[in-house]
Amino acid sequence: MFSVRNKLTIVFSLLIAFLFGQFGLVYYFSINNASLINEAIEAHDASNTLTRLAVEGQKLRRYEKEYFIYADNPQKREKYSSEWHESYAKLKEGLALLLSHKSTWSESDKAKARTWDDSLNAYANGFHKVDAAVTSGLIQGTLNANKAIQDAKNEFRVFLKGTAAETDIKLRQARDHSEQVQDNVANIQVFLIGLSFVGLLIGAVILFTIPGTIARPITELTESVVDISKGNIIRPVPVRGSHEVKGLAESVERLRVAMKGLMARMNKLQQERKQLQQKQNPPKPQEVT
Amino acid sequence: MAIVGWRHVVVDVLAEKVGVLGDMIVDETLGEMSLVEDDMRLGLLSEFIKKLYYKLPEDVDRRKLISEVRDKLMQEYNVLLARI
Chain A
1 MFSVRNKLTI VFSLLIAFLF GQFGLVYYFS INNASLINEA IEAHDASNTL
51 TRLAVEGQKL RRYEKEYFIY ADNPQKREKY SSEWHESYAK LKEGLALLLS
101 HKSTWSESDK AKARTWDDSL NAYANGFHKV DAAVTSGLIQ GTLNANKAIQ
151 DAKNEFRVFL KGTAAETDIK LRQARDHSEQ VQDNVANIQV FLIGLSFVGL
201 LIGAVILFTI PGTIARPITE LTESVVDISK GNIIRPVPVR GSHEVKGLAE
251 SVERLRVAMK GLMARMNKLQ QERKQLQQKQ NPPKPQEVT
Chain B
1 MAIVGWRHVV VDVLAEKVGV LGDMIVDETL GEMSLVEDDM RLGLLSEFIK
51 KLYYKLPEDV DRRKLISEVR DKLMQEYNVL LARI
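So the protein sequences, as listed, match chains A and B. Position one of the first sequence corresponds to residue 1 (the numbering used here), numbered consecutively onward. Position one of the second sequence corresponds to residue 1 (the numbering used here), numbered consecutively onward.
Extracted from the complex, chain A is given alone in its bound form:
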């Protein structure tokens, strides 16, 4: 039989273990979610950067087209050449940032970025050559200029297709991570609801068993002691309950047995004394008148 101290120690240890387990689970999910959220944000940022690069690449192509449309108009040609160079500078800057970034971009991402950079350089070289030829009058007319830039444009497709495809990949990654976060949150909810039920169950079991097992024997013992104090020494004291209560009940039972024995002996002595007195002083016979 457990002592009250052991019972309470076991119950509170169970509760602490339960709470510790609950804390561990919530902590694990929180850490996991925080890392997934970071990854989702990074993938989303990467997809934004790539979108900007892809858009800037399309702008570059548009300026090139505008440039060739006005191949025979030096003023407009100059304007679109300057816009093309501005856009080109932005692309170079964007790619340089991407290549220098440490955490967001993996090595395979950077390898892809380097191929895009090569593609952009090849296209820029082609454009500069055609620009020089158009400016010097070696190439005249939109169609001729377009023909001359064809190889460089083909080279630039690597950049345009690559950034578009990578944007999709990064967006998908961001979406996957956010879906995982949602799944984790749903799992946490299920776990927490489950654990709350288990906690309620443990609480209910403790509530309906422990106080009773501690208090019931004490109540019974109190009743027995009250009975004995009132002179009712027939009923044996129930010896049950926790270690401490059992020890106390055994002591009270010992007292009851001793008291009963003593009272029996006292009664016997009294009876013997009465009989002795009667023998010594027999009742006087009544006089007959």
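Think of the hints as simulated: they come from the structure by calculation, not from any bench. One or more hints might be untrue.
For lysine-lysine, the following DSSO-like pairs were computed, each having C-alpha atoms within a straight-line distance of at most 27 Å [claimed, not checked]:
hint: 1; chain 1: B; residue 1: K50; chain 2: A; residue 2: K268
hint: 2; chain 1: B; residue 1: K51; chain 2: A; residue 2: K260
hint: 3; chain 1: A; residue 1: K260; chain 2: B; residue 2: K55
hint: 4; chain 1: A; residue 1: K260; chain 2: B; residue 2: K64
hint: 5; chain 1: B; residue 1: K72; chain 2: A; residue 2: K260
hint: 6; chain 1: A; residue 1: K76; chain 2: A; residue 2: K65
hint: 7; chain 1: A; residue 1: K246; chain 2: B; residue 2: K72
hint: 8; chain 1: A; residue 1: K268; chain 2: B; residue 2: K55
hint: 9; chain 1: B; residue 1: K64; chain 2: B; residue 2: K50
hint: 10; chain 1: A; residue 1: K274; chain 2: B; residue 2: K55
hint: 11; chain 1: A; residue 1: K260; chain 2: B; residue 2: K50
hint: 12; chain 1: B; residue 1: K51; chain 2: A; residue 2: K268
hint: 13; chain 1: A; residue 1: K246; chain 2: B; residue 2: K64
Treat the numbers as computed from the prediction; the structure is a model and nothing was measured.
Fit chain B to the supplied structure of chain A, relying on the hints for placement.
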């Protein structure tokens, strides 16, 4: 030869179940046998235990208690006592 300290051994075992009554029961049993504490011999122990059995209150497990007394005495004095 008288046994030394036997009363203490018996009263100790009895006190576990009947408290102060143990001492009184031992006195009554000795009285019935017309003995005093110092008269107790090894040969009288079995008879003493037998009489003690009937003096014990019914509220306790008399057989068990007497068995404990007997075992304790055999252990203390290294003697063999008859079963009740």
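Now for the hints, and whether the structure bears them out:
no. : hint              : result
1   : B/K50 with A/K268 : holds, 23 Å
2   : B/K51 with A/K260 : holds, 20 Å
3   : A/K260 with B/K55 : holds, 13 Å
4   : A/K260 with B/K64 : holds, 20 Å
5   : B/K72 with A/K260 : holds, 26 Å
6   : A/K76 with A/K65  : holds, 12 Å
7   : A/K246 with B/K72 : holds, 24 Å
8   : A/K268 with B/K55 : holds, 14 Å
9   : B/K64 with B/K50  : holds, 13 Å
10  : A/K274 with B/K55 : holds, 24 Å
11  : A/K260 with B/K50 : holds, 22 Å
12  : B/K51 with A/K268 : holds, 19 Å
13  : A/K246 with B/K64 : holds, 19 Å
In the structure shown, no violation is registered for any of the earlier numbered hints.
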